[in-house]
Structure formats: C-alpha cells, structure tokens
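With chain A held as given, fit chain B onto it using these hints.
Protein sequence lines, in the order shown, are assigned to chains A and B.
Per my numbering, the first sequence starts with residue -4, numbered consecutively.
Per my numbering, the second sequence starts with residue 51, numbered consecutively.
Hints are computed from structural coordinates only; laboratory data are not their basis.
Errors might be hidden in some of the hints.
[What the hints assert, rightly or not] With the C-beta cut set under 10 Å, the calculated list includes, among others, these residues of chain A facing chain B:
| hint | residue |
| --- | --- |
| 1 | Glu69 |
| 2 | Met71 |
| 3 | Val89 |
| 4 | Ile118 |
Glycine included, each C-beta is placed from N, C-alpha and C at the ideal position.
Residues per chain are reported as follows:
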Amino acid sequence: MIQLNVNGRGVSVDADPATPLLWVLREHLGLTGTKFGCGIAVCGACTVHLNGRPVRSCNTPLSAAAGAHVVTIEAMASDRVGRAVQDAWVRNDVVQCGYCQSGQVMAATALLKAKRNPSDRDIDEALAGNVCRCGTYARIRAAVKDAAKALG
Amino acid sequence: MNRLFEADAANVLAQLSTTQPIKLARRDFLKATGAAGGGLMLAIGLPAGALLGGRIAQAQEPGKKFVYPPAAFIRIGTDDSVTILVNKLEFGQGVFTSLPMLIAEELECDWKNVRAEHAPAAQVYAHPGFGIQMTGGSQSVASSWQQFRVIGAAARDMLLTTAAQRWKIDKARLDTRDGVVIEIGGQKRRINYGALAEEAMKLEVPAKIGIKADPRDFRLIGKPTRRVDAREKVDGSAQFAIDKTLPGMLIAVVARPPVFGGKVKQADLDPTKITVKGFKAMFVIPVDRGGSGVAVVADGYWPAKTVRDGLKIEWDLPAGPTTSEQLAQYKALASQPGLPARADGSPDAIDGAARRIEAEFEFPYLAHAAMEPLNAVIDLKADRCDVWCGSQFQTVDQIRIAQAAGLQPEQVNLVTTFAGGGFGRRANPVSDYLVEAVHVAKGMKTAGLDVPVKVIWSREDDMRGGYYRPLHVHRVAIGLDAKGRPIAWQHTIVGQSIVKGTAFAKFLIKDGVDHTMTEGVVDTPYKLPNMRVSVHHPDVNVPVLWWRSVGHTHTAYVMETLIDELAAAAKQDPIAYRLSLLDAKHARHRAVLNVVREKSGWGRPVAKGRARGVAVHESFGSVCAHVAEVSIENNAIRVHRVTSAIDCGTAVNPLGVEAQVQSAMVFGLSAALYGKITLNNGAVEQSNFHDYPVLRIDEMPEVSVHIVPSHAAPTGVGEPGTPPIAPAVANAVFQLTGKRLRRLPFDLASA
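Looking at chain A on its own, in the form it has when it is part of the complex:
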C-alpha cells in the first residue's frame, strides 16, 4: 500500500509502485478528469500538480508520488487561481472537444500561481507542452490573460 494525498485527502493505493500516477488517479481513485493522451509525457493531457508543480502523471510512477500532495482538475473549482482560470476559459469559449483542456487548465493554473502577469512568451513556454488538436490556442492565450486580469 502506498500513501499519498490527493486533493487534500489521504489515500492508500494498492498498486504496483511502477504504475503511472495517471492510471492510479483514473482507475483506482475514479478521478477521470485527468486524461490519457500519449503516455510518454509529450502531450500534457495528463498534467496534475505534484507538491505544487505541474507534472505529467503518465510518466510519474506511483512510487514518486508516495507521501506527496497531488492536486487534479477535480480540485480546481475550489482553488482561487484554478477557479479563475476555469471561469476565464468559459468566458472566452475556449473548449472544443475538451479532451486536452484539463491539462491546459492545470498548466495555466500553475503558471498563474508562479507568475501573476505572464507575458506572451511566458504563456507560450508554460503551455507549449500541452497539445490541442482542435487548435484552441488563440483563445487559450486570451483566456490566460483574462484570468490574470481577473486575479488582479
């Protein structure tokens, strides 16, 4: 059994320590908001926060999350910055298919927690790891700025 804290709640997981955190979240804990896109940390759909930093859960083994604080998209609505990002996403009508957007929101939230007023370049750098096949990038850029503005 491996102990970790997910969205503020202590959990014990009975799984091979090599199991990627993504599948622990999705299949053991029922937190399916975190998405499987590539399995090799190149698309960002599985982005979660591990001890406050954005990581790709598809190549983060459960063992690396032992004792850590993991925050997923399901907790963003109750996070001040996360909620501001979600609201900005809705205001700017960002989503299309929506599959990558959990990862986009997690990456943008991490950016805004680290930088209150990100530049265009900061946004591009922070989100370049998150692929969107619907091509919502223009509205993502606008929404990140809108969220930054809303957060003041």
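Only chain B this time, still in chain A's reference frame:
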C-alpha cells in the same frame, strides 16, 4: 464528400445490411424518452402509434414528408429545463450549442435553461437526406437547419394548443417568450412550459408548421453564443468513452499485427507465466482487415499494457508498402493517363502553348491523431449489447457491432459519449475498433470472464492503427499562351480510393473514379479551358479514410499553388488574378477574397523578412480564404499571422464559426508543417507525438476570422478552413524564396 450529400434520398442502409433487414429501433427511442417519463423530466411528444412504425427508407420515399416527433429531440422538465437530444456527435465542433440554438429559436424557450445530451442510436435521428445517423461532411448544422427549426416550432405549437385548451381561448390569442405562454390581452395569463409539457405530449404532432421567415425575427440564430458544454470540459467532469466505468469492468489492450492484415503465427499465451498483478486473461482474437491479434485483459490499463508489451508473438505478415518505393510507383503511374474524371476540350490543346508549367506533387499518409485515443466500452450479453463510444457513425456501428456479436441491430444499445476529437477516424465504414472490441468481449466470455470490458488503444496503437488520409501524387502540365493565360490543363492524380469496397462506393464512385479524390479539382471554380483530369486508384495494403476535409486536403494545395504560379507567370497580383478567373457565379469566392484583401493589409508593406500568401477554396458548400504572413527563421517556416474569411451562409453561431475556422486552419497547418506517416515493408514508422509532431501554442499564429454576412441557408463550417492554409503558406514562401514547394510536409531543402 459533397456529392454524398447531394445524392437525393440516397440511402446507405441497403448497402450496409445485405443480410438482415434493419428495423426502426423503436425500442431505443421509447427507452430514451421513457427515461424522462419517470420523474422530473417529462417528454412532450406524440402518441406512440404515430411513431413512424416503419423503416426509414419508407419514410424517405420521394414525396412523403418525414415528420420528426419533437419528443425524440426535446424534453421539457417540470422545472422548465429544456434538454435537447442532439443526434450528432459533439467532438469539438459545437453541435451541443448550435443545434439546440436552432430548436430554441422556434421553441422560444429560455436559452439559460437549455442543455444538451447525445441522442441514442435510432433511425429517427438519421441524417434527413442520407438515412443513417452520422456526423461528418461538415453537415451538422446545414442538414439540421430546416429540420431542427421545424421540430422546435412543432413543440411550441403543441404547448400553445395545450394552453389554449386549458384556458378555453383561441390559440391565436397566445404568444410565447422565453419559455412562457402568454395570453395577449384578456386576463394576460402566463404559464411556464414546464407546467404544460405533460399535457402537450399527448397531442398529435402538427402535420404542417411554419417557421420564422424573416431573419430579423431571429433572437438566437446569428448571435455569438457560448458553448453549453464549456463548464464540464474545464472542471474534468465531462464524460468521454474512455472515462466510462461499469461495475466489474475489466480493461483490455490488444497486440495488433505490425502489418495490416497480419496474423498470429505463434505466441506463448500461457497465463501461468504471467506474474503481473491484476492480469486476468489473454487470447487470440480476429482483428481488422482479416488479421488476428492477442487481447490481454486485466483489472487496469497498466497491467494489461505491461503484459501486452512483454508478449513474444511470431506473426504471419502479408506484403506491405515501403513509402519511397510506393512514391516511385505512383510517379510512374502519374506519367500515364488514367481513368477520366474530367475531359473538356482537346487533349492536344497543350501542344499550341507558348510555354508550359509542369509540376509533380507529393502528399503523405496522415494520421487523425485525435487527442482521445480510440477506445470503447462493451457490455455483451446473450441477447443484447451495450456500447459506449464517441461514434461519428451510429447506424453503421450499430449494424457492424450486431454482425460481430451475432445479434440484431436493435439489440445493440449504442450510447454516444463526447469524443476527444475524431476528424473522420470515428466514421469508419467497417467500424474497426468497435468490431474488435466485440471480439474481445466474446473472447472474455470463452475465458469465463462474464463482465464488461473497456478496450483502450495506446497512442502508439492509435497512430499505427491505419485509416489514414491516403498518400497521393499529382502530376500537372499547364499550357500558357504568350500573355501567360492558361490554355490547357492536364492533370493526373494517383491515390487509393477511400470508399472502394464500402457501402459508400455506390454514391461516391462513378465510372471507377472516387470523387473524394478529385473534389476540388474537377469542380474548380476557375475558368480553365481544355481541362483534362484522370486518376489512378492503386490497391495498397494500408487502410485509408476521410480526414478533415477529405480530398480537399490535397486538391486545394495543388490548385491554389498552381493558380498562384500562373499569377506570377502573368505578372499579376495573386488576388487580382484569381478574381479575373472567377465569374459572377462564384460570388462567395469573390467575397472572401475581397475580405481577406482588406483585412490582412494585402498590398501594404509587411514586416521585414516576412511575406504574405493567399489561397481560397470551396468545400462542403462554403468558401474560405486565408492570407498567411510568413517568415523563414533558422531554415524553418514560421507563420506569424493568418487572416481568414469564410462564407458559410447564415452563421448560426458566429462564435462557433470563428472557433471552427481557427481549428480547421490549425489542423491543416500541423499537417503542412509536420504531418507524415511513412511505412517500411507495411509497418508504420511513426508512433507518437514526438515523431508525428503537431502544432503547439508557441507556433500558433495570430488569427482573425471574418464571416461574410449572409442570409443564405447554412453550409459547412468544420472543415472548409483546412484546405486553403497549406497553399496560402506555400504561396508566401514563394514570395520569400522564389521556390515552389511541391512536397508535403514542407521541406525547404527539397524545393
């Protein structure tokens, strides 16, 4: 694809089901509305007897008006909520918003109370002109434009009738606004739709109903409207098929042959040797294209994949192509005339040319690479099969699943979930991934695992799973007169037929020519004398399929780069030259060209090191133009800005149209810059986003989309933004380098 939808009352049902008659899936329909009958949700609708108790084919006999029961599409709750059952797949294009807007416009309900759900699979939800339930061809709004407004108007009329009966007054004295029936004058009574719905459902559907004739009366149509599915897609709660869970459900991963149609020759499938925790079973199953593979079942994706990846399988592999050799063969074919697709004027006209342009183009196979890898959840029982998937092809899939499971189509309950993209991949005439999932479920039964299963494809499985945009070679010779005007155009296209051998062949192949390969060439809007087009359709062991904008993905590139070349030969401005070859009949082309000329700064100075290129193309009834502003940095093409214009008739939701034009443009730009699937002896060489790159945010150009105002009926929106982006960029590159790019993805070194 356009031709498919022009086929009047054409019906693929007969083509799909040669062995068993397709019954109207009335059980599904009753279940759909029955779910609403139990509690809060009350369906408005019509007596069950009126429910089209026949086959869709009968309902679509010429001259017979198909009456759509509002109950199949609208549920009004006692809480005044209005739920629209959307018969198209929501996979990004916004049908959960645009289609409810059409109904709400006529129903005159309160938009704030409107939500959307996927309709079940049933014949009442078939494409009105085509007879199968499907999402594709940029048809969702265009094909629902009349139908959904009529459904909304019928429902409103039934609510009015109910209120009139209750108040014992003339219906003419009633009006509606925001979900309330209002008495004009008299006692000025008001009653919410929610209080009328139960009675209204007992009425017969009016046989004839009027809809708003004057666009000035529209309250919703034409208003930028935010998506109704936005919140659930930013808080992680939106359910995709990959998120579906059932009690006791297991996960399966399949080892598929490395060459399409390959078979397992020998494999060590001794389960006692497997020590991975959670492993349940493994067995050989039939897979697509007559092949076989090994399914591994476990209590999670990771253990299933771990076991799968460790399997030692010896394969019997059929022959398959190596891309370099295939290209050489295609080029040899392209130098010989093929089956005629267009033959205007004289074949000898080119002999009199003062000069010639000769060009050969190469286009690779392309993967759809949707963000959500293929997957499906199957619960197979002796007498029914429940399936959850993000299907673009419900009717086809229902039939194929039934055939694989040994059931009747009406025993297959296909539940459509959100899909994480699709771009054509989830509209497969052979339902490859679903049929395979049925075989997994059957294998589990044999292995004593009588539980539901979710089959998940890894990204690598998805990328290597076939059904690509076909590889093509075009060879074109253009004769010019002394003034640089075209006097002859000889064009040969080589590529696999997408629809050959499928239920769609009857509608899309004529005299051996697959129209999905020639669309955009044979129907060019430009006045091109002595145009002759012929095709070769080689058979190659690589499955191919429609990919966002289908044939236009390559034909627009060839036509729009060559027209640009002709403009340069005539020493004319590229936009002015195009306009000179477009007559008044092509007002949409002219309109979008004029808009991008004005909005892009065309003809005005551009930042140092940059140049602009233009392209315009019609597809799916709409015309889209892009002007791309491009530079070359570190020997790589960089697109800084794209100015777009689209004429799509009435823009039902301009906010959605803007999103789709951007989306389609990005999709085309990804392919132009990077997209390439290659094969070595039949085995696909790419596997994931590291070797099949797609556009990322740091490469995203600044974009502006301009919608040409129109009151015409809506035409396609999801795809028309894709075809013109690659040629617009290539034409800008020519301005920078003087070189014409003939090979995709772009390779500056090859030009």
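- Query: Of the hints stated earlier, which fail here?
  - Reply: Violated hints: none at all, because every hint is consistent with the structure.
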